[in-house]
Amino acid sequence: MTSMTPTVSASGLSLHYGRTRALDDVSLRLSPGVTGLLGPNGAGKTTLLRVLATAVPADRGAFTVLGHDPASARGRQEVRRRLGYLPQTPGFHPDFTAFEFVDYVAILKELADRRERHREVRRVLEEVDLGDARGRRIKKLSGGMRQRVALAAALVGDPGFLVLDEPTVGLDPEQRMRFRELIAGAGEGRTVLLSTHQTEDVAMLCHRVIVMAAGAVRFDGTPAELTARAAGRVWSSTEKDPGAKAGWRTGTGSFRNVGDPPPGAEPAEPTLEDGYLLVLDGADTEVAA
Amino acid sequence: MSAVLVAEPAPVQAPLRDRGARAVLALARFEARRLLLSIPVLIAFAAYVAWIVWRTRTSWDGSPALQDADRATQSMPMLVGLAVLLYANYAVVRSERHGTEPHFSMLVLRPWRRTAAHALSVVPAALLTAVCVAGQFTWEAFKPGAIGHGSPAELAVGPLTVLVFGELGVLLGRLARRWAFAAPLLVVVLLFAFVLGASPGDTNGRSWLAPVVSEIGPDTLPSDLLGRPAAWHALYLSGVALCIAVLAVVVAGGRSAAVRSGLALGLAAAVTGGVLQAQGATPSPELTAARERASVRPELTCTEHGRSKYCAFPEWGPRTDAWAGVVDHVQSLAGGPAHDRPLVVRQRIDARYGPAADSAIPALTDAHQVTVGTAWGGNRVPEFSSAVAAVLVAGTEAAGSEICDGRMVTVMWLSLSWQDDPMAALRRVRLDDSVKGSAIVLSPTDPLSMTEGQTDVVRHLLEKPPAGVGTRVKEHWAELTAPGVTTARVAELLGVAKPGKADSCEE
Amino acid sequence: MAPGVTAQLVGPLWRTLPWRALAAAGTLGLLVAAGPLATGAEPAPWQTLLVLRGVALIGALGLVFLLDDPARHLTAPVPAPRPVRQALRVALVAPMAVLWWTAVLLLSHSASRPPAGAVSLEAAAVGVLALAVAALAVRLTDEASPGPFVAAALLLIAVLAPLLAPEGWALFVQADDPRWPAGHDRWALLLAVAAVVGALCGPEPLGRGARRLSRAGAPG
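Protein chains in written order, with the working numbering: chain A, 34 to 322; chain B, -7 to 499; chain C, 3 to 222.
The reader is advised that the hints may include incorrect statements.
[What the hints assert, rightly or not] Residues from chain A that face chain B, not an exhaustive set, calculated with beta carbons under 8 Å:
{"#": "1", "residue": "Y50"}
{"#": "2", "residue": "R54"}
{"#": "3", "residue": "Y118"}
{"#": "4", "residue": "M237"}
{"#": "5", "residue": "R289"}
{"#": "6", "residue": "G292"}
{"#": "7", "residue": "P295"}
[Unchecked claim] Residues of chain A clear of chain B, computed beta-carbon distances all greater than 12 Å:
{"#": "8", "residue": "N74"}
{"#": "9", "residue": "T87"}
{"#": "10", "residue": "A106"}
{"#": "11", "residue": "L119"}
{"#": "12", "residue": "T122"}
{"#": "13", "residue": "G124"}
{"#": "14", "residue": "D128"}
{"#": "15", "residue": "A139"}
{"#": "16", "residue": "K173"}
{"#": "17", "residue": "G190"}
{"#": "18", "residue": "G203"}
{"#": "19", "residue": "G254"}
{"#": "20", "residue": "S270"}
{"#": "21", "residue": "G276"}
Simulated from the structure, these hints should not be mistaken for lab results. The beta-carbon is built from N, C-alpha and C at its ideal position, and this holds for glycine as well.
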């Protein structure tokens, strides 16, 4: 997968807020398809997304999006023309209808021709399954529908690079499943960077996953590689193992432990989340190529 | 740096250079639609249109002078402007209020262009106001009694006021983006400063800095004597609107050449207009001389209708027919030599104190000359009719205003009996709107006065069929118009009951 | 509600008052009121009355933001009932409003000032009306900060009332008008009605079932 041509490439991105290092020498290359961005709160995920979305400039380092360098004002405009962004807490104008809101964003994306723009807005609203609700005011929509309006606003204008900051927060499992479908569809033919806390999302959607902690990239590889980090480091036991980094009683009554297993432990099937926890634990800081 | 090897998706494309400008227009259109459909603006326009209809149906008694009608369109658009200010401001701060600003400010269209779109979104509201103003003025102009000339610059003031107020809302929104209370406070200040008019009454150079300077007096002046720097004022308002709009764009970060030249142009227009209107507000020596001339020895255009001559300011030419109609009616009722006497009707004004002044015109002392003012319709008709009758009976206007004896009955009967509803006309021509007791009777110059007894006799006469009374009037004309005839004698001659109270000059 | 909580609430509520709106309205009102004094103008009585009415409206526009509560959806389920919180807000602002209005009266042109009591009644009525409309907006909508809409509504009332109110009500007459006292009886009535409406809007609406439950669960 990494052999594919990168559409977004960044090197040495750093950003400080006072003494806090929000980004610390982040380098990455993104290619078409959905890339997951995992990390605990405060790891710098949102900051990275905001830098890549040209909302804040980095202190150091450079990046290009689809061949355009946002370091110049002109280049930044070119990047923004190719960018779809779903912020972590998207605001809404409650008196606008879903159509009006997406139309408004489309205008701000300089889709000037009215008929073409309206066709495009209808298309993205159909795409996020809001075709029938487009005339309803946003204040009358449920949380999941609002989130889809925000996704439609990100998708409008068919951007080549889509930045989604925790789009599935607060959605019920069914809505989340529906959202996964939408994101997977959006990832066909364009580059999607998806920040999330949901390891299942990453496991099901992403061809690649990046794990961040304390402003730095801790892992960059495929989901299978991340899962493989936990191979042989997950085991079951009847009592909580004091040597485990994490352990909890599962529904079946036995304990599931993650960490360095004692000799003779009964191994269990690792998941992506196990790999993620182990990466975060710092036992494993090397970055997979 | 890595090369681009992935084909770029082709979104809706236009040539890149003008995409920004076209997006500004698209956003302006979007915001304009919301503005025009917003509740305060809808209410304001509904109230405005209702006011136009309610007012224009009866304004100027159907005989407007268009040089006054143009100014009358100016004040109400201020209320529309305040509503536009309120919503335009709300639209600018909307994204701050709902937390979309961090997202929107990083989209392609830059914030200063968004502000430019907000500034443009006010324009359709101003255009709609212009349509309303045009409708109101056209309605006046198509009234059969309309005379004179309107001024496009005066008509432009209403729409320009809406524009200025709307741009103020946009600027305020940029300056105080988190202060939702700023716009209502500004509205109150503007409301009390300009609309309800806490400003001093007399106009000078400084008062022309206000958007609307109405200066509506009771008497119409010929349009070349108005002395209002209307064109400079319109230029001033346009400059102010442009300045405020561009300033809002500058506050939002716009620094392009177009923005800078717009600011320069706006400033130049506002300053030029402001200075020249201030100079124009004090009458020039030529204007003062022309006003003096028009007040003392006016150059009137005279036309003849029948036996009589009608001299009017050129703009009032079409109205001489209406005057002639009144004179003919009154004269047809008169007897003796008065029946065929040629009269001269002269239009007179006192323009020396400007258009807002209320100045009285002294009665003429020349024989058989009648004064007519610049207004017409409604009460002006019986007032003029009374003046004609008084001249026919007493010989001159000055003598007519001094009548205290029984001749007053004849004057009033001549004046009123030919009218559609003589009793209503009697009520309207009297200052206190009464049909009983003594009262002042208005006329274009010095008023006449009726005693209680004369009023009673006139009322009885008006209740009788006019034909019978008319025959008696012609029969006894000489005695009825003789100075000193008592009201009691007049009542006897005309066949109605004698009055209870004596004439004023008999006391 | 536990006793003493009201006293505890004063501090936090004090901090959540819309200080910027109140300060802006207050300052602007004082500036407008002091205008004739500062410029040395000799306003006519009708002009002073107009200025005072304008200042009262400006003050009322500051008050419409008083009941805005950005944390409304958070505070809705707390045991301290909304009327108590709203009343506390009003009580915190009322002394300042009175001081402010006194200052406005003192700053206005003394020779042409209309009777202070009557004008103060008008100002109080307008202020209470503003609060009543704000309370109504809080009650009828789910909006956390209805202030701007309430301000627009109050402005609309202020513009339309002089145009549409029956002439016979004599609400907007001059001080030398014989109907001045009668007009102010109506202002007092307006004040009372607005106060009642505002107070009635205070409690959060209860469904029928909820009311029965609360009665059943109320401590004896």
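Evaluated hints:
no.: 1; hint: Y50; result: 16 Å, violated
no.: 2; hint: R54; result: 22 Å, violated
no.: 3; hint: Y118; result: 7 Å, holds
no.: 4; hint: M237; result: 25 Å, violated
no.: 5; hint: R289; result: 41 Å, violated
no.: 6; hint: G292; result: 39 Å, violated
no.: 7; hint: P295; result: 47 Å, violated
no.: 8; hint: N74; result: 19 Å, holds
no.: 9; hint: T87; result: 6 Å, violated
no.: 10; hint: A106; result: 9 Å, violated
no.: 11; hint: L119; result: 9 Å, violated
no.: 12; hint: T122; result: 7 Å, violated
no.: 13; hint: G124; result: 3 Å, violated
no.: 14; hint: D128; result: 9 Å, violated
no.: 15; hint: A139; result: 9 Å, violated
no.: 16; hint: K173; result: 15 Å, holds
no.: 17; hint: G190; result: 5 Å, violated
no.: 18; hint: G203; result: 16 Å, holds
no.: 19; hint: G254; result: 20 Å, holds
no.: 20; hint: S270; result: 48 Å, holds
no.: 21; hint: G276; result: 45 Å, holds
When the structure is compared with the earlier hints, violations turn up for hints 1, 2, 4, 5, 6, 7, 9, 10, 11, 12, 13, 14, 15, 17 and for no others.
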